[in-house]
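Based on these hints, arrange chain B on the given structure of chain A.
Keeping their order, the protein sequence lines are chains A and B. So the first sequence is numbered by the UniProt record's numbering: it starts at 1 and just counts up by one. So the second sequence is numbered by the UniProt record's numbering: it starts at 1 and just counts up by one.
Any given hint could turn out to be false.
Stated by the list, open to error - Think about it this way: if two alpha-carbon atoms lie no more than 25 Å apart in a straight line, the pair counts; the simulated DMTMM-like pairs of lysine to aspartate or glutamate are:
#1 A:Lys159 to B:Glu127
#2 A:Lys281 to B:Glu127
#3 A:Lys159 to B:Asp163
#4 A:Lys5 to B:Glu127
Claimed, not checked - Computed beta-carbon distance windows for the label pairs:
#5 B:Ser145 to A:Ala325: 23 to 33 Å
#6 B:Thr173 to A:Arg333: 29 to 39 Å
#7 B:Ser145 to A:Ala261: 14 to 24 Å
#8 A:Lys18 to B:Thr58: 47 to 57 Å
#9 A:Thr329 to B:Arg130: 13 to 23 Å
#10 A:Phe12 to B:Thr173: 17 to 27 Å
#11 A:Val257 to B:Asn166: 48 to 58 Å
#12 A:Thr336 to B:Val315: 44 to 54 Å
#13 B:Arg235 to A:Thr336: 23 to 33 Å
#14 A:Ala261 to B:Glu134: 51 to 61 Å
#15 B:Glu134 to A:Thr329: 22 to 32 Å
Derived by calculation from the structure, the hints in this document are not laboratory data. Heads up, the beta-carbon is just placed ideally off N, CA and C, and yes, glycines get one too.
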Amino acid sequence: MSLYKAETRRLFKRRFTKLFLLGAVAVLAAVAIGIFFSNQKVGPEQIAAAKADAQAQLERDAQQTEKDKASCEAAKGTPQAGNWPPDCEQLTPPSQENYNYEWYMPPTFILRESFPDMATTLAALLALAAFIIGASFVGAEWSSGGMMNLLLWRPQRLKVLGTKLLTLLLSFTVITVVASAIWTGVFYLIAEARGSTDSMTSGVWQSFAIMELRGLALVLVAGAVGFGLASLGRHTAMALGVTIGAVIVFQFGLGVVLELAKVKFVQAYLIPAWITAWMNKEVTIQDYNSCDFSSVNGCQPAELTLTWPMAAALLGGVFVVVTTAAMWTMRSRDIT
Amino acid sequence: MPPSAVHVPHPPYPTNVPARTTSEGNHHSEWICGCGRSLEWRKGFGILTGVPKVSRVTAVLEIAGLQKTYRSRKGTRKALDGFDMVVEAGQVHGFLGPNGSGKTTTLRTLLGLIKPNGGRMAILGKEVPRHLPETAGLVGAIVESPQFFGNFSAQDTLSLLADAGNVKRQRVTEVLELVGLRDRGKDRVKTYSLGMKQRLAVASALLKQPKLLILDEPANGLDPGGIREMRSLMRNLAESGMTVVLSSHILGEIQLICDEVTIISAGRRVAYGSVSSVLAGHGSGKTKVRLEPGVDMRAAVEMLRANGAQVTVEVDHFTVGNAGNPAQITRILAERQIYVSELTPVSADLESVFLELTGTAPVEGQNRQVDQTASVGGWGQ
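So that you can see chain A by itself, here it is in the shape it has in the complex (with noise of 0.2 Å):
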């Protein structure tokens, strides 16, 4: 229990914990101020702007298809008669059904649709902190001898390592749950301000309550990823230089080169498409080189969807195999 203390006063003494949390807490606050004055509430003096936009556009488009229509009879037998359709009368005014006033209403944020992308923002950029505090944590102790200190006064190494694995990971728990609680609120609020929070039934916030949850688990395994190949690294440069390295390799270069060889499903081997599924419960991804035919809908794409038990094996995987090799590791270095 000490040790735990001991581990979680360090962590949060850091000036590199403090900084990277402060600036994840201002990236938070610019998303949610953009969102605030990018929406604005919506009601039947919305509604009547939206309609008389929509009326004045189809004015302007109708008169502007008129005056095409006299260019194109005065082309006929003209060099420019080629710039417009042999029959003139194709070019018809247009039809009310196509001025839906909705699409003229303003931006408006309502809870129920939105808030998913906002809570995989949230999660997202906690994930991105924990995997490189997480990867600092444990790097700088390495690298500054802090390691070696500790260990001469504890010397068990897999206790202090676990530890000090364990303290980042609860630590970003509560973080993760706190801010998720306050990100939920301030959203909340901005929906009630600058947009609807209706058809928010009990089954809605569960949902989101779920997401957030996986959200968590997102945090977590980054955290753990990142504190696990800095440690088998010894140095915070090693995770970063993996993460670099696997996104160019991985992200970049081999979906080049699986594009290159027209393998099926390209984005199904690139990390994003694992993200979303894991957030959203399910990605689809589609083959657009194929074609599924079918006599009613014709030749469609061929589709693979990921889903989120199929996420979770591989984020379970990952922590799996990056924190046993560095416990492994711990256990059996010299440490000079």
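Chain B only, in chain A's frame:
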């Protein structure tokens, strides 16, 4: 019958106290203490074969046959090759060796940072690394250069260690005062000089009020005043009952403050015992001779040279370099009615003994490489 029985009778029971005279090549060391490794460690750690355990009480640190081999793509390197060491309670024990001789590997292995390939170690009678978690609270150590997280203050650094080791925070203030960092305790460690970091390292080692204090080059980076303070701190700690193992290259310091020394070279112990006995065991073999005033010194020197003596003439005296038996000098000179007024063995200092034992004395025109020592190449002999 073993020679020990002839020359030095055993005490009622043999002790594991290391021999007072001596280098590893000198078998007297084993005759005197009766505790050669083969006997000492034969049946389990900490139990002398056929002797009562009472002799163990005074040994705070025991290492026997320690081996460590580093393997890399370039091949293997034996850092420790059957190294032995014993440190008794209340001593300030010097641990000496040239660069790359295995000092730091020994300390790291002892403290559980490196896994040995063989041998046995015990701290305060408990085998390590198996019992290290139990003994760690009684051992304060700094290994190699002091390493701390630069952005924390000394106070933060020590209080985090105190928390991790269940030590009262009040102790932090005490040790900062003790090492002279009281007024700079709240400054970030990265603003510290090497000497200040060294003081902080000593403070961290003292934090848990250890029974055994292991310090690797504690005087490194200290100013002369700091070195003197460190010396008196070591002495005071030893007087308070703490055992101090001190690794240093400042041999003058070791000679001044250590009760006993162990010298390591190429991963093996080459000498151990009290400083005086090590010096006596490796004396210069030279004898300073001064004659009565008015006596013809040149004639005396020629006479000795004619008898095979290696004589170096100084202004008012001469030195015989190979004086195995100084009485021979007086006999030869007295036969010619020449009488000596002074006949003094020239004592060696620890530095020259160290250089001799480790084979690291500089030789003009040669550049010694780090791993070139007496045991592996006979350099500088």
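Here's how the hints hold up against the structure:
1. About 20 Å separates the Cα atoms of lysine 159 (chain A) and glutamate 127 (chain B), which keeps this hinted pair within 25 Å; it holds.
2. At most 25 Å may separate the alpha-carbon atoms for a hinted pair to count; lysine 281 (chain A) and glutamate 127 (chain B) exceed this at roughly 55 Å.
3. Restraint check for lysine 159 (chain A) and aspartate 163 (chain B): satisfied, since their Cα atoms lie roughly 15 Å apart, inside the 25 Å limit.
4. A C-alpha spacing of about 30 Å is found between lysine 5 (chain A) and glutamate 127 (chain B), which places the hinted pair above 25 Å, so the restraint is violated.
5. Range check, serine 145 (chain B) to alanine 325 (chain A): about 29 Å between beta-carbon atoms, so the 23 to 33 Å window is met.
6. Taken as a hint, the range 29 to 39 Å holds for the pair threonine 173 (chain B) and arginine 333 (chain A), whose Cβ atoms sit roughly 36 Å apart.
7. The beta-carbon spacing between serine 145 (chain B) and alanine 261 (chain A), approximately 53 Å, falls outside the hinted interval of 14 to 24 Å.
8. For lysine 18 (chain A) and threonine 58 (chain B), the hinted distance range of 47 to 57 Å is satisfied, since their beta carbons lie about 51 Å from each other.
9. Distance hint check for threonine 329 (chain A) and arginine 130 (chain B): the Cβ-Cβ separation is about 21 Å, which falls inside the suggested range of 13 to 23 Å.
10. At about 23 Å, the CB distance of phenylalanine 12 (chain A) to threonine 173 (chain B) agrees with the hint of 17 to 27 Å.
11. The hinted window of 48 to 58 Å between valine 257 (chain A) and asparagine 166 (chain B) holds, with their beta carbons roughly 55 Å apart.
12. Separation of threonine 336 (chain A) from valine 315 (chain B) is about 53 Å and conforms to the stated range, judged on CB atoms against 44 to 54 Å.
13. Under the hint 23 to 33 Å, the C-beta atoms of arginine 235 (chain B) and threonine 336 (chain A), about 32 Å apart, fit the expected range.
14. Checking the proposed 51 to 61 Å range against alanine 261 (chain A) and glutamate 134 (chain B) shows it holds: the Cβ atoms sit about 60 Å from each other.
15. Distance hint check: the CB atoms of glutamate 134 (chain B) and threonine 329 (chain A) are about 25 Å apart, consistent with the given range 22 to 32 Å.
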